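Student: Go ahead and model the full structure; you've got the sequences and the hints to work with.
Letter by letter, the chains look like this.
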Amino acid sequence: MSTFASQTWWLLQRKLLESWRAPAWIVVALSTPLLYLALFGPLLNSIVGAPGFPPGSSALDIFVPGVLVIVAFGAGMGAGWTVITELDTGVLERLRVTPASRLALLLGPVLRDVVTFVVPAIVVTIAAQPFGYHPDATGTAVLLVLLSLLTIVVSAWSNALSMLLKDIGSLASIVTGLQLPLTLLSGVLLPLEIGPTWMRVLAHANPLYYAVNAARDLAQGSILTTDTGIAFAVVGALAAMTLTWATRVYRSAVA
Amino acid sequence: MDDNARSQPQAHAAIVADGLQKSFRSRTGTVDAVRGVDLAVEAGTIFGLLGPNGAGKTTTLRMLTTLLPIDGGRAEVAGVDVARAPREVRRRIGYVGQAGGADLGATGRENLLLQARLHGLAASDIHDRVTELVDLFELAELIDRPARTYSGGQRRRLEIALGLIHRPSVLFLDEPTAGLDPQTRASLWDHVRALRSGGTTIVVVTHYLDEADQLCDTIAIVDRGTVVTEGRPHELKAALARDTVIVQPRLGPEEVAELRDHLARAVPSTTAVVDGDVVRLAVDDGTATLPAVVEFLRREHVPIDGISLAGASLDDVFLAHTGRSLRDPDPTGSARR
Ligand SMILES: Nc1ncnc2c1ncn2[C@@H]1O[C@H](COP(=O)(O)OP(=O)(O)OP(=O)(O)O)[C@@H](O)[C@H]1O
Ligand SMILES: [Mg+2]
Numbered sequence: 005m006s007t008f009a010s011q012t013w014w015l016l017q018r019k020l021l022e023s024w025r026a027p028a029w030i031v032v033a034l035s036t037p038l039l040y041l042a043l044f045g046p047l048l049n050s051i052v053g054a055p056g057f058p059p060g061s062s063a064l065d066i067f068v069p070g071v072l073v074i075v076a077f078g079a080g081m082g083a084g085w086t087v088i089t090e091l092d093t094g095v096l097e098r099l100r101v102t103p104a105s106r107l108a109l110l111l112g113p114v115l116r117d118v119v120t121f122v123v124p125a126i127v128v129t130i131a132a133q134p135f136g137y138h139p140d141a142t143g144t145a146v147l148l149v150l151l152s153l154l155t156i157v158v159s160a161w162s163n164a165l166s167m168l169l170k171d172i173g174s175l176a177s178i179v180t181g182l183q184l185p186l187t188l189l190s191g192v193l194l195p196l197e198i199g200p201t202w203m204r205v206l207a208h209a210n211p212l213y214y215a216v217n218a219a220r221d222l223a224q225g226s227i228l229t230t231d232t233g234i235a236f237a238v239v240g241a242l243a244a245m246t247l248t249w250a251t252r253v254y255r256s257a258v259a
Numbered sequence: 039m040d041d042n043a044r045s046q047p048q049a050h051a052a053i054v055a056d057g058l059q060k061s062f063r064s065r066t067g068t069v070d071a072v073r074g075v076d077l078a079v080e081a082g083t084i085f086g087l088l089g090p091n092g093a094g095k096t097t098t099l100r101m102l103t104t105l106l107p108i109d110g111g112r113a114e115v116a117g118v119d120v121a122r123a124p125r126e127v128r129r130r131i132g133y134v135g136q137a138g139g140a141d142l143g144a145t146g147r148e149n150l151l152l153q154a155r156l157h158g159l160a161a162s163d164i165h166d167r168v169t170e171l172v173d174l175f176e177l178a179e180l181i182d183r184p185a186r187t188y189s190g191g192q193r194r195r196l197e198i199a200l201g202l203i204h205r206p207s208v209l210f211l212d213e214p215t216a217g218l219d220p221q222t223r224a225s226l227w228d229h230v231r232a233l234r235s236g237g238t239t240i241v242v243v244t245h246y247l248d249e250a251d252q253l254c255d256t257i258a259i260v261d262r263g264t265v266v267t268e269g270r271p272h273e274l275k276a277a278l279a280r281d282t283v284i285v286q287p288r289l290g291p292e293e294v295a296e297l298r299d300h301l302a303r304a305v306p307s308t309t310a311v312v313d314g315d316v317v318r319l320a321v322d323d324g325t326a327t328l329p330a331v332v333e334f335l336r337r338e339h340v341p342i343d344g345i346s347l348a349g350a351s352l353d354d355v356f357l358a359h360t361g362r363s364l365r366d367p368d369p370t371g372s373a374r375r
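Chains as they are written, first to last, in my numbering: chain A, 5 to 259; chain B, 39 to 375.
Rather than coming from a laboratory, the hints here were simulated on the basis of the structure.
Note that this is a predicted model, so its numbers are computed, not measured.
C-beta atoms are modelled at their ideal positions from N, C-alpha and C, and glycine is treated no differently.
Only true hints are included.
Coverage of chain A stretches by chain B, computed from C-beta distances (three or more under 8 Å per stretch; other residues unrestricted):
(1) 6-12
(2) 19-31
(3) 93-104
Which residues of chain B face chain A? A partial, calculated answer using Cβ under 10 Å:
(4) Arg100
(5) Thr104
(6) Pro107
(7) Gln136
(8) Gly139
(9) Gly201
Tutor: Here it is as structure tokens:
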């Protein structure tokens, strides 16, 4: 293994041990999607077939892929909280004085967030099937890759932002301030096709919108679609940009 | 430092800093945390950075350890330019920050193993090195417990072991003994002295005068972002050529202040200050002045609990160079623009 790969692995292992020792996160991570499925999903049954809904699919076929996008987004958002604790306890400072690669220092926590997305995502995918979710196996695998990239974007961003802000209050207000509009404007809850034009236009500025469109295609097994291509291009480009930016923050942070 | 030394650092200098500067911008204005710090630390010595809160000690250390970009000036640590080759510097130094740096959720052993791996220790060497440090810092009984459960002193020992795992040639310690009991402090000093015997250069930031006095070969007093004086502790005290006459009267606070004024007029002293319930007179020659003080007190019938003569302390050195006592909190706060 190259130095970089092994450094990333050791730093990821530290974070995985941390999650392993505080297993409450799995309850939190599962509660959001399961609550959406239990308390919002049933409302959709009555309006399936309305304009904007693809014909021949069940409410869950449309809804579950969108919920997985919310799970991916949420898995990365929390990264900043640990960063702030580790700034206070000096852990990040200590790690930054080792010759370890700055990208590896960032990827440790970011890849942990990918794991904490993939595990509940698989649970939700399986748990929803008896209730009428019929996902395509290959499509689901590609979907998990796309959404892991989304988790990487959000987690790297949250990591770097908290390095710069250094305080929980400002971080919390930015994170919660973004979460709701991004979710509402992604078409997760209801297809934006049934909304006014301005909403559909505005949604194009929201990366989650592309992820949700592609997620629905992928779950149905339509892998090589335009929506999927666009989503990989948008999320992939964002991942490259946020990782570059966040690594630079780790290199010279005023931390 | 002359120009020659500036361009060609001596081979035995572990740290050379020239005109280091750092400013922080914040909502309330710009803070000039470090305003031109020059340092030359000889290899294999213990170097103390002494100064009040907010003087810029931690900021200086952060620049030397690659944690903060340097705004102005340059620094070389272990023969490597900090700004040009930060990764090379990181290989050669150990750093124990003011906040500590142990991962509290992980066990001591996990902390040490990760640190060893990130420093690229050979897999065959890691186990022996961890065992060696665990024995040296007497951590054997707690090493497999989460660091969260350690006492303050135990945690400090783990953190210093973390800084030493790769046998650095320069070790930076930011207030390593803050909050420790006297016994633990003394044992930490022994560890630091043992490291020096092994050839390691150690930079210690401290608020404690006794620590600077007894532990450090050389100290630099930092105040408001600059080095106000530097030298061996005994030289700094000798250079002051000053003694202190300490008078402890049996009087109330107001009368003590009055006595200070009288003494200041009656005795040729440089400064006369009230320190708690005693009056301290800084004088050029204590043995010559003491009889005059005693004569004055006897003549004026001042009730006395004690009177003593002390040579210059580091606090006097600090007072002489900064106009303030190191034991007082900085009345003006940090230097702001
Ligand atoms: N990241 C930062 N942002 C803004 N100001 C800072 C930052 N770090 C330090 N300062 C300011 O720079 C000045 C020097 O701080 P520094 O931490 O170097 O002091 P210090 O000598 O280590 O003090 P102490 O003994 O209290 O640890 C202080 O006024 C501090 O408020
Ligand atoms: Mg400090």
